[in-house]
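A.B. asks: Protein chains in written order, with my numbering: chain R, 1067 to 1479; chain P, 1067 to 1479; chain B, 1067 to 1479; chain D, 1067 to 1479.
If you're looking for bench data, these hints aren't it; they were derived computationally from the structure. All the pointers check out, no bait thrown in.
One copy or two, it doesn't matter: identical chains are merged, so the pair holds either way.
Keeping only pairs whose Cα atoms sit at most 20 Å apart, straight-line, the calculated EDC-like set for lysine to aspartate or glutamate is: (1) K1348 with D1315; (2) K1081 with E1380; (3) K1437 with E1476.
Only a predicted model underlies this, so the values are computations on that prediction, with no experimental measurement involved.
4 protein chains.
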Amino acid sequence: LKAGLNGERLEQKGKRQLEWAEAHMPVLMLIRRELEPERPLAGLRIGAVLHVTKETGVLVRTLKSLGASVTLAGSNPLSTQDEIVAALSQEGIHVFARHAETQEEYYSGLDAVIQSSPQIVMDDGADLHALIHAKKSEISVIGGTEETTTGVNRLRAMEREGVLRYPVIAVNDAHTKHLFDNRYGTGQSTVDGILRATNLLLAGKTCVVAGYGWVGRGIAARLRGMGAKVIVTETNPVKALEAAMEGFDVRRMEEAAASGDIFVTATGNRGIIREEHFALMKDGAVLANSGHFDVEVDVKTLRGVSKGSRVIRENLEEFTLMDGRRLYLIAEGRLANLGAAEGHPSEVMDMSFSNQALSVVHLKRFKMSPKVHSVPPEIDLRIASLKLEAMGIKIDSMTESQEEYTGSWEFGT
Amino acid sequence: LKAGLNGERLEQKGKRQLEWAEAHMPVLMLIRRELEPERPLAGLRIGAVLHVTKETGVLVRTLKSLGASVTLAGSNPLSTQDEIVAALSQEGIHVFARHAETQEEYYSGLDAVIQSSPQIVMDDGADLHALIHAKKSEISVIGGTEETTTGVNRLRAMEREGVLRYPVIAVNDAHTKHLFDNRYGTGQSTVDGILRATNLLLAGKTCVVAGYGWVGRGIAARLRGMGAKVIVTETNPVKALEAAMEGFDVRRMEEAAASGDIFVTATGNRGIIREEHFALMKDGAVLANSGHFDVEVDVKTLRGVSKGSRVIRENLEEFTLMDGRRLYLIAEGRLANLGAAEGHPSEVMDMSFSNQALSVVHLKRFKMSPKVHSVPPEIDLRIASLKLEAMGIKIDSMTESQEEYTGSWEFGT
Amino acid sequence: LKAGLNGERLEQKGKRQLEWAEAHMPVLMLIRRELEPERPLAGLRIGAVLHVTKETGVLVRTLKSLGASVTLAGSNPLSTQDEIVAALSQEGIHVFARHAETQEEYYSGLDAVIQSSPQIVMDDGADLHALIHAKKSEISVIGGTEETTTGVNRLRAMEREGVLRYPVIAVNDAHTKHLFDNRYGTGQSTVDGILRATNLLLAGKTCVVAGYGWVGRGIAARLRGMGAKVIVTETNPVKALEAAMEGFDVRRMEEAAASGDIFVTATGNRGIIREEHFALMKDGAVLANSGHFDVEVDVKTLRGVSKGSRVIRENLEEFTLMDGRRLYLIAEGRLANLGAAEGHPSEVMDMSFSNQALSVVHLKRFKMSPKVHSVPPEIDLRIASLKLEAMGIKIDSMTESQEEYTGSWEFGT
Amino acid sequence: LKAGLNGERLEQKGKRQLEWAEAHMPVLMLIRRELEPERPLAGLRIGAVLHVTKETGVLVRTLKSLGASVTLAGSNPLSTQDEIVAALSQEGIHVFARHAETQEEYYSGLDAVIQSSPQIVMDDGADLHALIHAKKSEISVIGGTEETTTGVNRLRAMEREGVLRYPVIAVNDAHTKHLFDNRYGTGQSTVDGILRATNLLLAGKTCVVAGYGWVGRGIAARLRGMGAKVIVTETNPVKALEAAMEGFDVRRMEEAAASGDIFVTATGNRGIIREEHFALMKDGAVLANSGHFDVEVDVKTLRGVSKGSRVIRENLEEFTLMDGRRLYLIAEGRLANLGAAEGHPSEVMDMSFSNQALSVVHLKRFKMSPKVHSVPPEIDLRIASLKLEAMGIKIDSMTESQEEYTGSWEFGT
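Whole structure, please, built from the sequences with the hints as guidance.
C.D. replies: Next comes the structure, spelled out in structure tokens:
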């Protein structure tokens, strides 16, 4: 796998995309401008495995501006945008990613990052963190960050088992990350991915959303907003109850399977849609995944129970089952929003990646224990305030009398 | 203040209301039936200050069935339903409450509860907890519960200052409480209160919701659901950003004041709508409060800056300002949903009060430290499961393979 | 049946209600002020059968101001507000209506109106028009108006059969009437009626709306806005398809009957919910009607198949079926929004009744043929413009160049 | 301009797209299968100017199956899909269209259609109808159809002026066309076009929709469904009032211009966004058009007042104004849904084009006068019924007793 394969024109397109993204990531750009003079990351080696999109490009450029040298690999074979690889490579960032790369290339990318002896490890899904720990290559690492719910869950499991050997800031858990990126970012970009892959009318369709976490509720809200009837499946009774109270139809997957026109998984778990469900589905049903890993729809089994398959539209594979029914899979069961569309809009990544950038600076500045840490609340609130400002929104502040009231327990009826 | 003033017919009406409520509180009824045989609260003296509604009646009946003796006072002068007082009194519960009682009567009710030497103290807003602590009357108390956000905030302030002298379970913080009661309960019942008090058309109106906590977002969602344009005011930047992303217009109150047709406060703070805002409002603007205490709209000042006032409809007072503009206040600035409507629907209180009942049993069974405690998660999840069952909703459970995946960090791309 | 039975206090309350309504009917008040000097209805006898609400009071006051003498009867036994009867009677309007009047009283009210030899007949449901034609009492009548879809349908049937003997302006068909009153007015006030009668939580409930005309779609939208899942039943395939595209679940009533928690009929037809459906319903199901006549839920049969019934809350009757299931009927199956709440908000009736007032003036001024006529479009547009102005909304007007473009067919790609 | 330039692979891709479309156009396919045996269009020459998309391909294939020979040109330079041109050409249909064709090519396409001496003229926007009339080439024409609101308006202007020389069926005015295609089709595909062109986050954005006809209300609903705040501009007061009652912010364009992040025009008129508005807009504002012609945004003037422009992303042109502000124009101001996305989903075109096919058969069968005619209601209802069936939706039919009630005027209270 080599970076820099692409010619001039790809690189130019990449630069224009980066410019467009920078224009829509005002918070990260402000942070860049503010911190640039002090170069707080001077000399730092950063290894990152992230979706190689225009927004990641803006993050990486920012880390470089603050003094770091960055080695970047792609976190998903389908999400890499080759023009961004081209543009970043030309700017001196070591990029190891290619759109539609093989599994082998994917792992060689991870290896390249590990070979760069990173001091800070930025990850999206925790594959890199897991690999470093498995290979006992954490010697140079002073800390890491993690972007996703799935990755944070894995890191917490590592912490529980006592095997986590460096501090990781759970960027995902910042309010300004998961409340926005997971909900509004994935919500919109999943709809976008479905439309680009299928061009189906959502109005009047029955859509089944598996999982009612932040990602799932974003997707459910947007599908409804496009006129679909939405069925939600859940295993957690509190979340199931919330979905019901929002007016969604809550059912078990085995009951939903026969009614759905379009299925979207967002659980962070595996085997959500599996053989027993394929057996019940309508001819023409569409399957998409918006969870981090491509394990939510059991694609391997789907392939096994099919007579054959073909690509009928870009990013849309048609499987013909033994009884003649056809099921359609978006982006190979990988993240539909990144595989079939462009991933989260820049404005959302602006907040997530501002958390990333400030978390890296924090890890550099402060010694932290080998645990999963929250993003410091002052970072979270500051990003929210900057974002509001960038959107031209002014909010109230408490009066002195209100501050006093808030802190007190003696006032009453 | 005396209980039992009401004649037979009031009592009959109360009994029918209790029957209606019991039919819509299946979880609490199930808990009652399950625990009744063991009488886990036998001999326990409970002192409660709660809104004396039909749902509270069902809770109190339940506590009595489990063996407790209960003394009950009203937590808000306008929320007491006299027929419920009549019905409960006749069943041997000591009730000290009257609709539209005076401030003096309110405090004499609290006193009566304290005089009963309660072992468990159930409160709604923490006035009773504060009073017991102020009077150093906590000698008999083994623990308490608290129903509201406002009350929990006050108790945490007490905990921080080191003055809290018995354990309190923050029922409000249970998922099955605040995610439902605060959001869906207050959302609907506030709209209900506004409609009963004004009969105005909400479609096309500009409504200003102050506060985007769980209560505020419930109200904002429902007002939008009725066709209103909604402006949200907040002091917390993360919540403000969420409101903006939900498509609400986020502004400062001083900017919203001139545009609003209807204002609703839900902040838990005081002086949210005050003199400087009255000065900017349109002729005909309507003011309502859904926060716990009647301090969010500065009613005293409103009265001061008015030429005069009169009751124009039930629960609706018209204030004529010096310049002739008229402002309309619902239910004296007290909780509009309880003052002008019937408060939360039974189905919502079913969950909140199941948490209350099980928390009281928990306090009786286990010795706890003098802190603010969460509702034990197993109680929370159980209530959610029972509620789903009562609604006829079945949900998925994880397969073994999924359980394994969830606990592991080694699976990856 | 006698008018004026009510004492002073009722009358005062009525006057305050009329004042509140006038403050929220700016268009009708403007029309009143504009036309009053010329007294265009001087000497005209008007006979009206309308819901005797505060808004009708404002209309009748307006007609009187323009010179007419008005005799008014109630169009529904449950919708009459006695305080309005009291207030209007005292102002010299002949009112024949009483809340909860008997069928006999209802018909004697219609008779009284006919006895007044009206020149203009204003009706709501066309019972009066039908009775006049049946009795051949149309001798004095120069024209009429009709307020409802149901009434207009009946009048068109009369026109088709060649029996209509005077011109009737179909006020219902004005854009500024049915697009607003039927949709937003009934939508909101039906929800209001359900809440007042039951205080049930709508979030998470399954509501079945029969009929997807303007009334039905208003109700469906508002129930969804309150968090309910909505099932729509229809007989017209185009409307059914629209409902499906709006994300509603479209089914046959026999399929919906077993799932519904709350049923609302809005079809203008009879026997929509009948014995075969009662047989399928869940214990606790609630039945409401928002169609003009009380024939949509087959109440007579419901009574027949029940062991017994009792009033469990105001405007809510509990029927216990032979197998023990209980069904709850709102407002005797009469218009739930008028029987259990206060009917349409004043702001909506402002437009409907401005159409009524200007249509009466039009009938007086111009000789029209004995047909069902539309409200003249210039009246419709003028009311819309005045309403926008009253709401403080300014809209664009076409530029000259745009006017030219609109009228032409020669411009193209 | 030549058809058939494209190589084998393009043609294969086109065939797969047509297959996908046919799978999602069940009504048109059923009509094809039903009528094919009788070949009702045998020998008929049809000239059509339509967007050359996969759905048009299915229509044209259907017309051919019924016996017609078809000459097809593209109705918009940006909407033509070259793979469809390739696939259709290979099947013996005469196609004159090319993606991004020049204005000259566009008109030569129209000429080619006229040269084919069509007996039936199918048009989209009425350019072909206008040209035929201008050239007095209507000699062979027995009738035509028209797909769009814009086109029907132009044809009605021709009818009013007495110059229309053959009958035209206004397919646009069928309920099963404009209630679905204009509203749900354009609503979704415009959002799709905006996302593909910009990848901006819609949540929290202020979107301005000009025009609240069926197209505009579809767009407004979908943008809101994606989390945007929506401002509507209108010139018709009734529509403006409807928009306000739906909770939209209704303003004049000159007031909206400074607040909007994204503008979409859907008025059917010209100069909706013009120099005076460009002057007020925020840096970064995005302009899109979903009206038929590219005259709604005054692109020529925009170009004139700009220092320069460049394509920053596919279908997105950046204009830099003299003061440095940048405005972004989607798809050159042509239909954004067709230029930047794939146009209406097949399921919507299924209904529109079923109306087209049956209207052509109707024109062939019945002699009609040279006017603008409605689609016969039985066609409209039949298409709705077939569509419901295809969606698996069953609806009620009236009982005998209900039929009787509907036809009668004698039933009453």
